[in-house]
Amino acid sequence: MNSALAAFITGLIFAVGLAISGMTQPGKVIAFLDLFGNWDPSLGDLQERLYHLRIDQSIP
Amino acid sequence: MENFTPLASLGGGLLIGLSASLLLLCDGKIAGISGIVGGLLSPTQNDTAWRVLFLVGLLTEGLLFSLLAPQVFAISISRSTIALVLAGLLVGFGTRLGNGCTSGHGVCGISRFSVRSIVATVTFMITAIVTVYIINHWLGGSL
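Going down the list, the protein sequences come from chains A and B. Okay, so the first sequence: first residue is 1 according to our numbering, each after it adds one. Okay, so the second sequence: first residue is 1 according to our numbering, each after it adds one.
None of these hints come from the bench; they were simulated from the model. Treat the hints with care, since some could be wrong.
[Said to hold, decoys possible] Covered by chain A, according to a simulated footprint, are these stretches of chain B (three or more residues, beta-carbon under 8 Å): (1) 7-20; (2) 41-49; (3) 67-75; (4) 86-93; (5) 128-137.
[Unchecked claim] Negatives, chain B to chain A, calculated, CB over 12 Å: (6) Gly28; (7) Thr81; (8) Ile82; (9) Arg96; (10) Leu97; (11) Gly98; (12) Asn99; (13) Val119.
Just so it is clear, the structure is predicted and the values come from calculations on it, not from any experiment. All residues carry an ideal CB built from backbone N, CA and C; glycine is no exception.
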């Protein structure tokens, strides 16, 4: 894929991911961090997912 | 746990992982938002366009969501302006000091087993948990 187009499209996809997971809502993020209150574990599911979605190590 | 949304988190996580993977595969770049923005403050040749385009994509989608699904940006916490400004400054200072944020270290770094990123992520997650504990349970949930 054209590198400029890739940058634009990955930006779009990233934003959709943030919105769908609820990370655009500060309350959701704080609820995930509130382990000793009314804990909402949703975003851990996400971090776990990201951990397993390992990508090829092709860092230049 | 009344607001637990595992499927939405899974879907969002997959998309963020897909985005980070594509940026790495196509452009060889790390999808660390603070680093992408930070790089624009001291621009070097041939390293600006992709940053701008990534951010334009990010903000375009944000604009679309704010028009079509404004609940995405629902703010359900109460914080004073001073607290928000101070928080923003601390986040900015910390991400530069630690060379990355939740996206760069937490998503891209951990997924390629970078020790530096694992240390950074564990550090900022513990700090955030302690901060939320103090604010929610000692200070009554608002600042």
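Now for the hints, and whether the structure bears them out:
With 13 residues having a beta carbon nearer than 8 Å to a beta carbon of chain A, the stretch 7-20 of chain B meets the requirement of three or more and the stated coverage holds. Coverage of the stretch 41-49 of chain B by chain A is violated. Counting CB-CB distances below 8 Å, 1 residues qualify, and the rule asks for three or more. Coverage of a stretch by a chain is defined here by at least three residues with a beta carbon nearer than 8 Å to that chain's beta carbons; for the stretch 67-75 of chain B and chain A the count is 5, and the condition holds. Coverage of the stretch 86-93 of chain B by chain A is violated in this model, with 0 residues showing a Cβ closer than 8 Å to a Cβ of that chain against a need of three.
Evaluation of the coverage hint for the stretch 128-137 of chain B: fulfilled, as 7 residues show C-beta separations to chain A shorter than 8 Å, against a requirement of three. Against the 12 Å criterion, B/Gly28 falls within the reach of chain A, whose nearest CB is about 5 Å from its own CB. A cut-off of 12 Å between C-beta atoms confirms that B/Thr81 is not in contact with chain A; the least separation is 14 Å. Here B/Ile82 stays apart from chain A, with its beta-carbon at least about 16 Å from theirs, past the 12 Å limit.
Non-interface status of B/Arg96 relative to chain A is upheld: no Cβ of that chain comes within 12 Å, the nearest being about 21 Å off. The beta carbon of B/Leu97 is kept farther than 12 Å from every beta carbon of chain A, the shortest such distance being approximately 20 Å. Remark: the non-interface label on B/Gly98 is consistent with the geometry, its nearest Cβ contact in chain A lying 17 Å away (cut-off 12 Å). With a cut of 12 Å on Cβ distances, B/Asn99 stays outside the contact zone with chain A, its closest approach being about 14 Å.
Distance check on B/Val119: its Cβ is at least 15 Å (rounded) from any Cβ of chain A, clearing the 12 Å threshold; non-interface status holds.
Of the numbered hints given earlier, the model fails hints 2, 4, 6; all others are met.
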